[in-house]
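Peer 1: Chains R and P are the protein sequences, given in the same order.
Under numbering that gives the first Met the number 0, residue 171 is the last one in the first sequence; the count climbs by one each step, no gaps.
Under numbering that gives the first Met the number 0, residue 356 is the last one in the second sequence; the count climbs by one each step, no gaps.
Hints in this document: simulated from the structure, not taken from any laboratory.
Please note that a few of the clues may not be correct.
Covered stretches of chain P (in silico footprint by chain R; criterion: 3 or more residues with CB under 8 Å from a CB of chain R, positions within the stretch not fixed) [unchecked claim]: (1) 4-17; (2) 49-57.
Heads up, simulated DSS-like pairs for lysine-lysine below, C-alpha to C-alpha not over 30 Å straight-line [stated by the list, open to error]: (3) Lys160/P <-> Lys181/P; (4) Lys140/R <-> Lys160/P; (5) Lys160/P <-> Lys313/P; (6) Lys313/P <-> Lys140/R; (7) Lys313/P <-> Lys181/P.
Have a look at the derived ranges for each label pair, beta carbon to beta carbon [said to hold, decoys possible]: (8) Met7/R <-> Leu346/P: 14 to 24 Å; (9) Gln4/P <-> Arg13/R: 13 to 23 Å; (10) Leu150/R <-> Ile350/P: 50 to 60 Å; (11) His62/P <-> Val151/R: 16 to 26 Å; (12) Ser340/P <-> Pro154/R: 15 to 25 Å; (13) Val127/R <-> Ala103/P: 21 to 31 Å; (14) Leu5/P <-> Ile139/R: 33 to 43 Å.
Nothing here was measured: the structure is a model prediction, and the numbers come from that model.
Cβ atoms here follow ideal geometry from the backbone N, Cα and C, with glycine treated the same way.
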Amino acid sequence: MIRFLTIMSSRWTRLVLVLLIVISLQTTLFAEMRPFGVAAQLVLLFVVVSGSINGSTIGALTGLIAGLMYDFVLPTPVGLTSLALGLAGATAGLLVYFFREPTWWMRLITIGVVSLLGEVYYPLAQTVVGLDGWLQFRIIKVAIVVAVCNLVLSPIAIFVCRWTLTERKLSV
Amino acid sequence: MAVAQLTRRRAIILLVLTSIILITLDLQNSSAISGLRNIFSTVFRPVESTARVITRPISNGWHGIFDYNDVLDENDRLRERIAQQEGATIAAAASVRLAQELLALNGLPTLAGINAVTAQVIGDSPTNFSQTIEINQGNESGIRVGMPVLNAAGLIGKITKVFSDRSVVMLITDPDFALSVKVVNSPRQTTTTTIAKSNAAVPSPVVPVEPDASLDTETSSTTTTTTTTTIAGFTPSVTTLPAVPSGVSSITVPLASDLAVRETGVIEGRGPSRQPTVRFISNAVRFGDIQVGVPIVTAGGSRSLSPPDILIGKVARVVERLGSAGPVLEIEPVADLTNLSFLRVLLYQPITEKATP
Numbered sequence: 000m001i002r003f004l005t006i007m008s009s010r011w012t013r014l015v016l017v018l019l020i021v022i023s024l025q026t027t028l029f030a031e032m033r034p035f036g037v038a039a040q041l042v043l044l045f046v047v048v049s050g051s052i053n054g055s056t057i058g059a060l061t062g063l064i065a066g067l068m069y070d071f072v073l074p075t076p077v078g079l080t081s082l083a084l085g086l087a088g089a090t091a092g093l094l095v096y097f098f099r100e101p102t103w104w105m106r107l108i109t110i111g112v113v114s115l116l117g118e119v120y121y122p123l124a125q126t127v128v129g130l131d132g133w134l135q136f137r138i139i140k141v142a143i144v145v146a147v148c149n150l151v152l153s154p155i156a157i158f159v160c161r162w163t164l165t166e167r168k169l170s171v
Numbered sequence: 000m001a002v003a004q005l006t007r008r009r010a011i012i013l014l015v016l017t018s019i020i021l022i023t024l025d026l027q028n029s030s031a032i033s034g035l036r037n038i039f040s041t042v043f044r045p046v047e048s049t050a051r052v053i054t055r056p057i058s059n060g061w062h063g064i065f066d067y068n069d070v071l072d073e074n075d076r077l078r079e080r081i082a083q084q085e086g087a088t089i090a091a092a093a094s095v096r097l098a099q100e101l102l103a104l105n106g107l108p109t110l111a112g113i114n115a116v117t118a119q120v121i122g123d124s125p126t127n128f129s130q131t132i133e134i135n136q137g138n139e140s141g142i143r144v145g146m147p148v149l150n151a152a153g154l155i156g157k158i159t160k161v162f163s164d165r166s167v168v169m170l171i172t173d174p175d176f177a178l179s180v181k182v183v184n185s186p187r188q189t190t191t192t193t194i195a196k197s198n199a200a201v202p203s204p205v206v207p208v209e210p211d212a213s214l215d216t217e218t219s220s221t222t223t224t225t226t227t228t229t230i231a232g233f234t235p236s237v238t239t240l241p242a243v244p245s246g247v248s249s250i251t252v253p254l255a256s257d258l259a260v261r262e263t264g265v266i267e268g269r270g271p272s273r274q275p276t277v278r279f280i281s282n283a284v285r286f287g288d289i290q291v292g293v294p295i296v297t298a299g300g301s302r303s304l305s306p307p308d309i310l311i312g313k314v315a316r317v318v319e320r321l322g323s324a325g326p327v328l329e330i331e332p333v334a335d336l337t338n339l340s341f342l343r344v345l346l347y348q349p350i351t352e353k354a355t356p
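From just these sequences and the hints, can you work out the full model?
Peer 2: Following this line, the structure appears as structure tokens:
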């Protein structure tokens with residue numbers, strides 16, 4: 000029983016549940032609200048924020064799990080988003096690693112830059128598996144809009160991500 | 000701490016390997032992946048539905064703020080277009096009925112004989128790298144993967160994933176979309192000649208004949224009598240009649256070169272910002288120069304996922320290529336793919352796809 004409660008209260012269980020909500024927001028609200036015709040990427044934001052706060056290992060893990068869940072919603076091959084988001088999470092963690100004591104604005108820069116990169120990883124991954132046609136000049140506009148949207152939404156994402164991925168001791 | 004780090008690294012390696020295996024399986028259309036998708040869909044659907052209900056006011060507010068002027072402009076445009084099209088619709092409906100009767104008389108398949116399911120669009124693609132939409136009908140309504148999807152204007156895409164009560168439609172602008180099509184080219188400009196005298200080979204230009212016009216031409220030794228009969232869809236153009244005995248009438252039909260020439264190719268999407276293209280068009284002399292504005296329709300055939308003659312769009316640009324490679328045609332779809340609400344899924348499967356009893 001204690002073991003079950005430990006698993007249920009672990010941050011990874013919490014992560015899966017929060018990701019379900021994040022993905023549902025992505026497929027409903029953020030699929031409809033399209034500034035300049037581009038859908039903001041909430042799942043990518045969550046992964047990037049987790050990487051920038053908790054480091055590359057946690058970032059990569061969050062990205063892989065989030066991507067795998069997101070993959071089951073998307074029509075593209077399962078596993079593709081997982082790899083792309085895993086890479087994005089790891090990149091976010093590595094970029095913060097170069098700042099000795101990262102301040103809030105350094106984190107924001109990281110989130111913006113990695114959001115931009117993360118949005119490019121996905122069509123790159125598509126091309127690698129033979130789904131050609133997405134590497135176009137439009138990608139520049141898409142990446143910039145996604146980066147700006149992620150910067151705007153990052154304060155909320157940081158708060159949610161901290162709450163989700165904080166390790167808590169179970170007191171029974 | 001070090002143990003936790005090691006465990007996480009192992010987890011990362013495991014997840015990466017899992018992802019690679021899943022990609023490989025999914026690219027080979029594994030049924031296990033479809034099963035996993037269905038299971039996740041069952042778990043995820045209630046969460047998504049709740050999120051849709053909760054966020055509806057926010058998205059309505061967003062559309063109210065940013066799309067209001069566009070909607071007003073569109074309203075004005077549509078009113079004007081309706082006024083223009085009201086007259087044309089009646090004539091078009093009569094032509095369509097006539098065409099269907101002719102096709103039925105000749106035992107040719109028509110769209111009227113194919114059952115269809117009306118569906119509503121319930122979601123857009125959540126990513127910026129797939130051109131898909133979600134509709135509210137699934138395999139409970141008889142929908143299968145590959146079935147063509149239309150709106151009132153023409154073809155918009157095909158079904159790529161089917162669940163029990165919803166389906167995913169890949170739009171014709173998606174780079175993965177491909178379908179065989181026909182280009183219905185306009186008749187070539189010809190300079191036909193008539194030999195008025197049976198034993199004289201003197202070419203002379205022929206003047207187009209008006210419908211119902213009779214012409215009696217008397218030459219030195221032969222008399223040619225012309226009676227023109229117009230056929231719907233054919234342009235009455237030139238008469239080329241052999242010399243016949245006086246008093247015998249015959250029906251005039253257009254020259255073979257003046258009939259609409261059809262050539263097949265493959266339409267491929269190129270993303271939302273670029274128009275789809277048609278490739279593999281033969282550059283045969285018979286086909287002539289392709290004119291901008293000629294219609295593109297589905298080719299049909301026993302292996303095609305779509306029945307023939309569904310309108311897709313019209314040629315917007317012709318890109319000529321050197322050598323024997325035919326031209327590449329840029330297509331302007333007739334359907335407005337950015338503003339879809341109600342669609343029709345044709346419950347059509349090619350003969351090769353139908354399950355044998």
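Peer 1: Which earlier hints turn out false for this structure, listed by number in ascending order?
Peer 2: Numbers 8, 12 and 13, in rising order.
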